[in-house]
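> Listed below are the residues making up each chain.
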Amino acid sequence: MTTVAEPRARPQPSTLTRLRGWFRNPWGKPRFLGVFTWAYILWSIVPVLIAVQFSFNATRSRTAWDSFSTRWYWGDPVDSVLHDPSLSHALVQSFKLAAADVLIAVPIGVLLALGLARWRGRGSGTSNFIMLFPLVTPEIVMGVSLLLVFSHVFTFIETGTLAQLLGHVTFSISFVVVIVRGRLFSIGRQYEEAAADLGASPFVALTRVLLPLLTPAIVASAAVVFAISADDFVISQWLSSGGSTDTVPIQIYAATRAAPLPSVNAIATIMMVSTLLIVAVGFLTWRFFTRGERRAGTAAEDMGGAFNIT
Amino acid sequence: MTHHPKERPYSLSRRVFLLRSAGAAAALSGAGPLLAACGNTTSSNDTGDELTGPGGLPLARPDKRVTLPRWEDPIESGLEPETGGTFTVFNYPAYFYKKLLTEFGAKYGVDVQYAPFDNVNSGLQRLASGAVTPDVMEITPDTLDIGVAGELIKPLNLDYIPNLQKNIWPQLVDPFYDGESRYTVPYTCYATGIAWRTDKVTEDIAGMEQPWDIFWESQAYEGKVALLSENRETIGMALLRKGITDINTEDSALVNEAVSDLKELYGICNIKVDDLQYQTVPEGSSWLHQAWSGDMIAGYIYYLPKGTPASALAFWKAPHGKVPVQNDCFAICSTTKKPVLSHLFLNYLLDNGVAYENFVDFNGYQPPLNEIDPKTLVQKGVVPENLENSVLTNGDLGPDSLQYGTLTSQGQQLWQDGYSNFLAGGGS
Amino acid sequence: MYRRWLWPGLALPGVLWLVLLFVVPFYAVLGVALGTVDPVLFQPVPIWNPLDWNVGWLNEVLGRLAPGGIWFDVGIRTIVYVVVALALCLLIGYPVAYFTARHAGRWKGVILILIILPLWISYMMRMLAWVNLLQEDGYVNQFLMFTHVLSQPRDWLGGSASTVIFALVYGYIPYLILPLFASLDRIDRSHLEAARDLGASRWSAFRSVTLPLSKTGILGGAVLITLPMFGDYYTPNIVSGAPNTSMIGNQIDLYFHGGPQPTIGAALTIVLAAFLTILMLYYLRSIHRAQREAGAVGAL
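Protein chains in written order, with our numbering: chain A, 27 to 336; chain B, 3 to 430; chain C, 81 to 380.
Simulated from the structure, these hints should not be mistaken for laboratory data. For clarity, every value in this text was computed on a predicted model and none was experimentally measured. Worth double-checking, as some hints may not be accurate.
Stated by the list, open to error - A partial selection of chain A residues facing chain C, derived with a Cβ cut-off under 10 Å:
| # | residue |
| --- | --- |
| 1 | T63 |
| 2 | I67 |
| 3 | L75 |
| 4 | F80 |
| 5 | A84 |
| 6 | R144 |
| 7 | G149 |
| 8 | M168 |
| 9 | F176 |
| 10 | S177 |
| 11 | P228 |
| 12 | V250 |
| 13 | A294 |
Each residue gets a CB set at the ideal place from its N, CA and C atoms; glycine is no exception.
Please work from the sequences and hints to get the whole structure.
Below is the structure:
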């Protein structure tokens, strides 16, 4: 009979060794990538949070924090967003354009998505190509072309709000099509065919069966259109007639190059929060309406999948 | 680079448009009368020594006075002003104190509307196409030709505008670009010089033999030096530095040499271009900047942070005959339904009190009033003493003064292409 | 069950809109760029008939971009900035997308939302945030001095190329990460497992399985950010302002907002668009090829 030797006391590894082991664990998740990813996220978002923080600064400084105050939002009688006409007009103009863009681009885009997805005849390929092109056209090229077309072809339209709106809708339509079409493909024809089997006319099948199924995509695309319209700089600037047709990005651009007051941070924050709220609503609506169809993975992934235009 | 005037109580960014039009082409689309006027003109080449611009009208220069032909008779004297309805002022955004407009409207029983344009050229375009029907509009000496050739502005009857003779500098009562003031009255004026921070820049710029050389000796201030983002101003400055006073030259050798001089600045101070000096110099993010004369006044009034003394700002402009001086004007549009009232408006804006209030309480751009002289402004505390030379006087103008005038189309291309070369940067 | 004209009919408003406000404007650019200028009115006169097109301006622009021309430096500089920014975006973005797609586990949803978040934050706001941080007395300088990396504040906004490239990377990287993530996410784990089973190390499994399968994502993301980057003019203006860091977009901006030659601006726009179309076509061809190679994998 052998006696079992006392297990030798093993020295406790130092913190550094344990940390290195954690990193190098071949069976664990790749730690470096994880740290890297979280570092990226911080680098990506923290500057914006700091900018938001400074919009509540009590002094004029955008680099030295003093104390919390809402003067740049409504308090300051001259320079706050509420009282400075250039800022408040820009905010109104941005919202106006974004809302009008949604109201026009989404219906057109939904119809176009339906048409392009199902159209099999001549011209469908070309139409599809025309629809995809705005997505990859640099904005400056679009800005130039729209400015020239309004100066030389459609001369009855001047630079200003109407021209800006037309430009916004033009680049928004493609986004709506891509999102709605993605949803169409995942729905397939089954429901309409079932409805037809049950005696529904094509019109009823389209409006009472297909469109409701498309609702999450429509809502999501509305949120996306709002966001890209609110963010647009180049087209709005090129088609602006100065002064009251300036949007928030234009104001931020002009101020950032000079010596901005925290009121610029404030107006940017207002715009950002509004956009995020609307996008969140769109996202939640999408999730709500697709709750029955949830596969492994998140609905955000589906939305992310919508970004594959190929 | 585009600049969009903000509707702040004070914003100088629209000056960009002012000077852009000084070098920019007239852009009018399909205006009938304009085409007729140009029917049998000579091309806008240099034919002999008669430089012509739009409509074949001769190009005015400070030493070459031009009297524009009247395309119709001005209205009769002694008529009663029209009243009721709207009265539209066509101008850069936020360039005229709204309070003064309302007072004018109350006095004559009209509703004064303010219609903004992006710049004078696009404004004239919209006027020609009939998109707008204003009563009066702001215009510049070099776009004046287009207005006249296109019959877009009306000849004036100066009987309604006694303030012109009474209050305005003699040089501008009968200016070289509009002899006998047949079409315009002056509005504001400004000169180009150098602005800097005395607490950052140690050189005595005003005392230098050629102050413009400071830009070529600004190695110590790398990244803090800038020029105006305007093709006439930058190339013009390089010409003036070498002692060339013909700032309307169309000699490509001179312009190209000026551009290569400018390109040296990349290596010297990593030169920037913008029109933000009225903010960036007081704030301290720019230490040495080509500037317009009202900029430091505006900086002092609106943008100087607490804790920075007014003495930190300085401005230099060249003496008479070597400094570019510009002014802009007001004219009556041919679309007006209230010609008499329009004349009275022009008289109104030349009123001492009105023009002064517009300047000090709103615009920051100096009107050419006899009453305004640098000493009085310093006394009243409007202008700090060290910026006294930012205020212009009648003596700054004259046949030997410098002004950026319209160029022929070749000339404009030359200057713009030169500026494009400068803006392209160096081999990096 | 539907009428045949229904689908084209539904598509009609959209197609009409895009033709009128996208295709026609392109043609207007061509018309102006290949037109003439009225010498008296100083006004561009577009020419609509292709047979009458005047290539003078186009030649002028091409001459300026050629070596020795006044825009050669700007063109090269723009290409350099875009290529470096793209490389940095890939270097940073690929690991992030990879981690999120493959290793995020229960954090996946949260991380995904955080990565998508910048897309909804206005580009201008994100630039504003960095301009504030990069001020001489801003947090970046304070931090770097605090950690003794710098002994005195550095002027980040004084016209430096690295700041411009940094801003481009910061601005455009979210648009790269998303398609990268989407394509990485779709890769079937079983392929990787098969590679490991066959004896590949982690790194060579990545190289021979994951990387090729994510190629379409890389290409797609690269196209998605380089095309707009080539036309960018506002980013150098915001973080620099010096001609020495200007990009080709600044020249287009100049000729449309400062003078008598919109024809040059239009011609330069045409050249830029043509250059980018070539890139686009290269991308489409690579996609096509990748599609054929990948076969059933990665339902594209």
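> Closer than 10 Å between Cβ atoms is the bar; does S177 of chain A clear it against chain C? Give me holds or violated.
Nearest chain C Cβ about 8 Å off; hint holds.
> For the hint on R144 of chain A, just tell me whether its beta-carbon gets within less than 10 Å of chain C.
The hint holds - R144 of chain A has a Cβ within 10 Å of chain C, the shortest such distance being about 4 Å.
> How about M168 of chain A: closest beta carbon in chain C under 10 Å, or not?
Since chain C brings a Cβ to about 8 Å from M168 of chain A, closer than 10 Å, the hint holds.
> Are T63 of chain A and chain C close enough, Cβ to Cβ, to be under 10 Å, as the hint says?
4 Å, holds
> For the hint on L75 of chain A, just tell me whether its beta-carbon gets within less than 10 Å of chain C.
With a minimum Cβ separation of about 8 Å from chain C (threshold 10 Å), the hint on L75 of chain A holds.
> Does F176 of chain A pass the interface check with chain C, least Cβ-Cβ distance below 10 Å?
9 Å, holds
> Taking the closest Cβ pair, is P228 of chain A under 10 Å from chain C?
5 Å, holds
> Should the hint that A84 of chain A touches chain C count as held when the rule is a Cβ pair under 10 Å?
Hint on A84 of chain A: violated, closest Cβ of chain C at ~16 Å, above 10 Å.
> Holds or violated: the hint that F80 of chain A contacts chain C, with Cβ atoms closer than 10 Å.
7 Å, holds
> For the hint on I67 of chain A, does the least C-beta distance to chain C fall short of 10 Å?
5 Å, holds
> Take the shortest C-beta to C-beta distance between A294 of chain A and chain C; is it under 10 Å?
The hint holds - A294 of chain A has a Cβ within 10 Å of chain C, the shortest such distance being about 4 Å.
> Taking 10 Å as the limit, does the beta-carbon of G149 of chain A come near enough to a beta-carbon in chain C?
Result: holds, 7 Å to nearest chain C Cβ.
Hint violations for this structure: number 5 only, all remaining hints satisfied.
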